[in-house]
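Number of protein chains: 2
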Amino acid sequence: MEKTDVLVIGGSAAGIVAATTAKSFYSDKEVMLIRKEDHVLIPCGIPYMFGTLESSDQNCIPDTGLTNAGVTLKTGEVISIDPENKTCKISGGTDIGFEKLVLATGSTPVQPAWLKGVGLKNVYTIPKDKTYLDSFRACLNGFKKVLVIGGGFIGVEIADELSKSGKDVTLVEMMPHVLALAFDEELTIKAEEVLQSRGVKIKTGCGVKEINGDGKVSGVTLDNDETLAADAVVLSVGYRPNVLLAEKAGLKINDIGFIRVNEYMRTENPDIFAIGDCAEKRSFITRTVKPTMLASTACAEARIAAMNLFKLSTVRLFGGTISIFCTSIGDYAFGAAGVTENLANERGFEILTDTFEGIDRHPGTLPDTHQQIVKLIVSKESGIILGGEVMGGKSTGELTNLIGFVIQNRMTVDALLTSQIGTHPLLTAPPTAYPLIKAAEMIAKKRRAGK
Amino acid sequence: MEKTDVLVIGGSAAGIVAATTAKSFYSDKEVMLIRKEDHVLIPCGIPYMFGTLESSDQNCIPDTGLTNAGVTLKTGEVISIDPENKTCKISGGTDIGFEKLVLATGSTPVQPAWLKGVGLKNVYTIPKDKTYLDSFRACLNGFKKVLVIGGGFIGVEIADELSKSGKDVTLVEMMPHVLALAFDEELTIKAEEVLQSRGVKIKTGCGVKEINGDGKVSGVTLDNDETLAADAVVLSVGYRPNVLLAEKAGLKINDIGFIRVNEYMRTENPDIFAIGDCAEKRSFITRTVKPTMLASTACAEARIAAMNLFKLSTVRLFGGTISIFCTSIGDYAFGAAGVTENLANERGFEILTDTFEGIDRHPGTLPDTHQQIVKLIVSKESGIILGGEVMGGKSTGELTNLIGFVIQNRMTVDALLTSQIGTHPLLTAPPTAYPLIKAAEMIAKKRRAGK
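Note that the protein sequences, when read in sequence, are chains E and G.
For the first sequence, the residue numbers in my numbering are 1 to 451.
For the second sequence, the residue numbers in my numbering are 1 to 451.
One or more hints might be untrue.
Copies of one chain are not kept apart here, so a pair can be met inside one copy or by any two copies together.
[To be verified] Distance condition first, Cα-Cα at most 20 Å in a straight line; then the derived DMTMM-like pairs of lysine to aspartate or glutamate:
no.	residue 1	residue 2
1	K36	E226
2	K190	D368
3	K380	E99
4	K445	D28
5	K290	D63
6	K445	E30
7	K74	D414
8	K164	E193
9	K311	D414
10	K3	E185
11	K216	D231
12	K438	D63
13	K445	D368
14	K216	E77
15	K252	D129
Because the hints were derived from the structure by calculation, they are not lab data.
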């Protein structure tokens with residue numbers, strides 16, 4: 001039997017960050033990472049393998065980050081965990097003993113078994129699997145019409161990239177709008193406008209009844225009995241946490257299928273941690289469990305788990321997921337952090353919201369100026385910022401991160417009104433109309449009016 | 001005599017924000033803004049009138065923001081303030097009575113009277129004066145060689161823009177590097193490399209002894225007696241606060257020439273406030289008075305003064321200037337917030353610093369990927385972030401703002417290590433190597449090692 005102090009199962013973002021952080025924090029401990037894959041794809045870069053990038057090789061995470069940090073890297077499949085004896089069984093290999101175990105087993109695309117035709121040829125999902133995706137890419141030339149089912153981030157990005165590479169793409173979403181879980185209606189409409197202007201056709205408010213075809217895909221029938229022709233279908237209807245190993249080891253799984261953990265990312269077994277797509281998360285704001293799956297959230301959890309492996313620290317807790325994310329469609333980008341207006345209302349917050357529309361450079365006569373929109377969602381009682389949504393140009397990602405930090409620090413509207421920012425003609429909105437502060441001003445006015 | 005509840009003197013960024021915020025906060029009060037200029041230039045856009053923009057008209061702040069907000073706009077020059085009778089004398093006009101007065105009188109370029117040749121033809125400064133700058137622009141075609149003296153932000157941006165428009169430009173700076181007050185050496189060297197790659201010649205560590213010429217400029221003699229030929233000289237050696245009106249009205253002026261104010265931006269006269277380039281500021285970190293002149297800082301002060309005009313609020317204080325700024329040179333941008341390593345050492349902080357170098361997209365094989373560098377300056381004792389410096393692409397402005405918010409919220413290295421961020425291939429660094437968090441990790445490691 002092999003032995004290591006820390007064993008990390010899973011080689012994507014969460015696993016890598018957990019292993020390197022553990023080695024950095026506890027340099028005298030041996031850290032091993034075991035994964036199934038020969039090559040690890042950058043998860044968020046996967047959609048860009050279908051247009052912008054020339055090959056999947058351009059979207060791989062190099063192993064040097066791990067090896068340079070002194071982590072032992074092993075390729076192999078863990079088939080069971082024995083928590084009592086603190087060992088893992090490896091398929092076709094020797095057992096590995098551990099002192100501390102980190103589960104970063106990730107997630108797998110949902111295959112809707114109930115959907116007729118899901119097994120037809122040319123029906124694809126988007127797993128984090130280089131071999132599978134390479135074979136999908138190899139078939140792309142033969143497809144003219146592609147249907148993407150599911151208008152979340154992955155669906156939107158894949159649709160845009162396939163369209164960019166010359167396909168006739170239709171995006172089908174059951175909800176009234178694409179990205180409807182991430183943004184309120186006004187921003188989803190903007191996103192749809194940008195997508196359509198780039199040639200993506202959109203069908204919303206309509207589920208798929210059946211995938212049609214004889215052996216291979218010929219199209220789909222929608223719930224309203226409309227049929228759409230297609231050479232290929234991409235199913236992007238969500239991901240399921242990989243928790244089988246944990247479940248078999250007797251670890252608790254929560255009601256929505258994730259491995260139960262506390263704020264240290266520790267399971268009920270003090271020697272086993274879980275992080276990333278497979279681990280339970282609660283919303284920072286609503287405190288309910290949430291099926292968030294984001295590489296950036298996973299990395300925060302990974303750092304926290306790693307730092308708490310051998311000694312707990314009350315200042316290094318995971319406070320709940322803020323679900324900060326952003327996406328780029330053509331020249332525009334969209335970002336969100338915290339709760340939407342819809343979700344806040346649904347959960348029972350009394351809120352005020354407002355939206356400021358401005359520009360991301362100043363003067364607006366400068367080349368490459370984008371419209372910039374910021375919406376804030378604020379607790380009426382306390383004035384604390386609960387969420388924000390952004391549309392703008394290439395600075396949208398970091399502006400969304402700024403809102404994320406506002407939320408994490410539980411900043412109020414008053415704190416924003418007295419905040420300092422930096423501005424520059426070519427890089428930001430003007431100092432007189434910085435969108436975050438203008439939106440806060442508008443909400444402050446409503447608060448004063450007792451609205 | 002005319003009367004108004006609130007009188008704002010000065011029509012640039014600070015004046016505009018003070019007037020509109022006052023009207024928004026105290027909607028039943030009459031607010032008047034008086035300024036000398038017919039047209040107000042966007043201050044930070046001025047350098048871009050010398051290359052990117054086609055005319056100064058493209059760089060004007062429209063008056064509609066003021067008039068739509070219900071502010072009375074008046075053009076005229078205030079020649080004296082009578083604090084006892086609460087009136088202002090207007091050149092060639094009727095007196096204006098006020099209940100509350102806001103001084104936003106701005107700053108004027110330093111004219112180094114001691115410098116021989118400063119009065120020669122074709123020696124220019126960069127005041128916020130449309131007429132003056134238009135006449136400078138009108139002469140540009142006649143100049144081939146231009147010397148820019150002073151390598152602060154304005155000097156760097158003007159030099160880059162003039163070079164972009166085809167001039168042979170040399171930038172002369174007395175300190176060892178350009179931008180040396182804003183950044184530590186490693187970042188200033190990077191900025192110089194980018195400037196040079198764009199054709200700007202740089203002479204640092206060398207003052208100007210004399211401007212040469214007979215009637216009009218022919219060149220300069222440096223302190224080391226080297227001479228440089230030039231058709232025109234741009235002096236960008238700092239700005240002086242406009243405090244004459246305040247001084248004559250008996251208001252206190254601090255040791256470095258700014259109008260004394262407290263955290264409400266109020267002078268010792270409870271009815272008179274001062275904001276922007278003319279108003280005293282203390283460093284958020286070092287607590288010493290500081291000659292910061294930034295439109296963005298000015299706007300924060302303006303909001304705070306306006307909100308406190310008729311009733312003070314202890315949650316709407318100005319906590320000191322964080323000096324958040326950024327600039328763009330070619331494809332690269334540079335930003336800083338808080339203190340540099342140099343300044344922190346000089347003031348007596350015990351600090352730890354580290355610098356992370358990464359990329360601003362992921363994978364780095366994506367088009368338009370920039371090198372991204374983040375340096376953090378941290379209090380060794382408390383772990384609180386005191387400053388940060390950034391080099392990167394177009395997201396640098398908002399990333400610098402993120403560091404500004406980290407400083408304002410007095411976040412620690414541990415808080416950063418547990419922070420959530422959002423990432424996207426086309427918009428940010430990877431989640432596994434987000435520069436702010438990686439720099440924090442490197443410093444955390446030094447802290448643990450007791451270095």
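Right, here's what the structure says about each hint:
1. K36 with E226: neither (42 Å within a copy, 67 Å between copies)
2. K190 with D368: For K190 and D368, the Cα distance is within 20 Å only inside one copy (18 Å; across copies 25 Å).
3. K380 with E99: neither (48 Å within a copy, 32 Å between copies)
4. K445 with D28: For K445 and D28, only the inter-copy Cα distance (14 Å) is at most 20 Å; the intra-copy one is 56 Å.
5. K290 with D63: This pair counts as neither: shortest intra-copy Cα distance 31 Å, inter-copy 48 Å.
6. K445 with E30: between (57 Å within a copy, 18 Å between copies)
7. K74 with D414: neither (52 Å within a copy, 31 Å between copies)
8. K164 with E193: within (16 Å within a copy, 36 Å between copies)
9. K311 with D414: Classified as between; 15 Å across copies, 38 Å inside a copy.
10. K3 with E185: neither (53 Å within a copy, 47 Å between copies)
11. K216 with D231: So K216 and D231 pass the 20 Å test inside one copy only (8 Å; across, 74 Å).
12. K438 with D63: between (45 Å within a copy, 18 Å between copies)
13. K445 with D368: neither (32 Å within a copy, 41 Å between copies)
14. K216 with E77: Classified as neither; 32 Å inside a copy, 80 Å across copies.
15. K252 with D129: neither (27 Å within a copy, 69 Å between copies)
In the structure shown, a violation is registered for the earlier hints numbered 1, 3, 5, 7, 10, 13, 14, 15, in ascending order.
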